[in-house]
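Visitor: Residues per chain are reported as follows:
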Amino acid sequence: MTPRWKFLLRFGLLLVLFEVPLLIGPVDQHVVRPVSAWIASASGAVLRVARERVSVSGTIIASPCFSVDIQNGCNGLETALFLIAAVLAFPATTRQRLIATILGVTLIEIVNLIRVVTLYLVGCHRREWFESFHLAIWQTIVFATAVIFFAAWSRRAVARA
Amino acid sequence: MLLRALRFVAGALAGFLIWWCATPIYNDALASAAEKILSVDKRLCGPHAEDVDRGIFVHPRLCVAPSATIPADQLTYNIILLAALFAMRGRGIGGFVLSLAVVAITHLLSLVVSIESTYAARNGPWSEQHYSWIEAEAWVSVEFFWRLVGMFAIVFACWWLTQSATDRPPRESGERRRARAAAPGRR
Numbered sequence: 001m002t003p004r005w006k007f008l009l010r011f012g013l014l015l016v017l018f019e020v021p022l023l024i025g026p027v028d029q030h031v032v033r034p035v036s037a038w039i040a041s042a043s044g045a046v047l048r049v050a051r052e053r054v055s056v057s058g059t060i061i062a063s064p065c066f067s068v069d070i071q072n073g074c075n076g077l078e079t080a081l082f083l084i085a086a087v088l089a090f091p092a093t094t095r096q097r098l099i100a101t102i103l104g105v106t107l108i109e110i111v112n113l114i115r116v117v118t119l120y121l122v123g124c125h126r127r128e129w130f131e132s133f134h135l136a137i138w139q140t141i142v143f144a145t146a147v148i149f150f151a152a153w154s155r156r157a158v159a160r161a
Numbered sequence: 001m002l003l004r005a006l007r008f009v010a011g012a013l014a015g016f017l018i019w020w021c022a023t024p025i026y027n028d029a030l031a032s033a034a035e036k037i038l039s040v041d042k043r044l045c046g047p048h049a050e051d052v053d054r055g056i057f058v059h060p061r062l063c064v065a066p067s068a069t070i071p072a073d074q075l076t077y078n079i080i081l082l083a084a085l086f087a088m089r090g091r092g093i094g095g096f097v098l099s100l101a102v103v104a105i106t107h108l109l110s111l112v113v114s115i116e117s118t119y120a121a122r123n124g125p126w127s128e129q130h131y132s133w134i135e136a137e138a139w140v141s142v143e144f145f146w147r148l149v150g151m152f153a154i155v156f157a158c159w160w161l162t163q164s165a166t167d168r169p170p171r172e173s174g175e176r177r178r179a180r181a182a183a184p185g186r187r
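Protein sequence lines, in the order shown, are assigned to chains A and B.
Residue numbering for the first sequence follows the numbering used here, beginning at 1 and increasing consecutively.
Residue numbering for the second sequence follows the numbering used here, beginning at 1 and increasing consecutively.
Since the hints were derived computationally from the structure, they do not count as laboratory data.
This structure is a prediction, so every number in the text was calculated from the model and none was measured.
For glycine and all other residues, C-beta sits at the position ideal for the given N, C-alpha and C.
It is possible that some hints are incorrect.
Residues on chain A that point at chain B, a partial pick, calculated with CB under 10 Å [said to hold, decoys possible]:
no., residue
1, W5
2, G58
3, F82
4, V147
5, A151
Next comes chain A alone, as it looks inside the complex (with noise of 0.2 Å):
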């Protein structure tokens, strides 16, 4: 096996091990809620600051214009778990995965926290686009952030090793 499926197999097999418990009732109650509403409550704080006059419930963000509800796979948790998995299944050293995870998750959430504020100024402003902006738009952003982060870590990884 060449190392290139050795790599993509370890990386499935983490993948699966780390979305699946995202499935599972408690998980999502203890910790993908949490993950949620601290979204949402930043998210709120930026739209505040746009002057935006939102009210801010758990993983809900309202106002007379429009209201999101961040859900499981809006919070950016997949997509770092996604590129967790990913730097976990390369040959590098732990402190160079350490940095990676720290660096790599705090992109990913800076780039979702950028996602939910559009999303709402969107929905408020052209709901029409809503539903295409949703998905297709912003989440090949959140996933391609975190390919293109792993893609320029790992030729690192590779030229310091």
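Got chain A; can you put chain B on it based on the hints?
Guide: Just chain B, lined up with the frame of chain A:
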């Protein structure tokens, strides 16, 4: 770096336009292929599937069973990421075509899973009568996993596997390393 970024954006735009414009035709092709696979499951009563407003409408032909509408365009938009990643690389048409074929097969399978999941868990008493609890959970979990990360993981896997030797990370040759170490002013 800038050129790669521009290529990525151009690829994403092209991918988005293709996905947006070709969805109705593509859905038709997916629907007719899925029909053949789903006919194996007798509970679905020989379903007929057709493209309706960027989704696929499924209705049984041979007995009384509920109909369902599947948002099929939400299963296929990973081609935007595929186009962007391959455009960023700027070469390897063969790899791209092969990846496209693999991703198209997964589109068909994900549509089948999505239809089964809808019939297994979202048709109230009919679902409970025809699918066991374990079966329903299994279909819903596979669909959820696929839509959450699987559809992007397959694109990433195709892209990763089709990297050419020139895309690999630069490695310093032993001769060059020795030369660099021996260079004046370097330790």
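Visitor: Against this structure, judge whether each hint is valid.
Guide: Going down the list of hints, with the structure as the test:
Interface hint at W5/A: satisfied, since its Cβ lies 8 Å from the closest Cβ of chain B, which is below the 10 Å cut-off. Evaluation of the G58/A hint against chain B yields a violated restraint, the C-beta minimum of about 21 Å exceeding 10 Å. The interface hint given for F82/A holds, since its Cβ lies 5 Å from the closest Cβ of chain B, which is under the 10 Å cut-off. Checking V147/A against chain B by beta carbon gives a least distance of about 5 Å; that is within 10 Å, so the hint holds.
Evaluation of the A151/A hint against chain B yields a held restraint, the C-beta minimum of about 9 Å falling below 10 Å.
The earlier numbered hint that this structure contradicts is number 2, and it is the only one.
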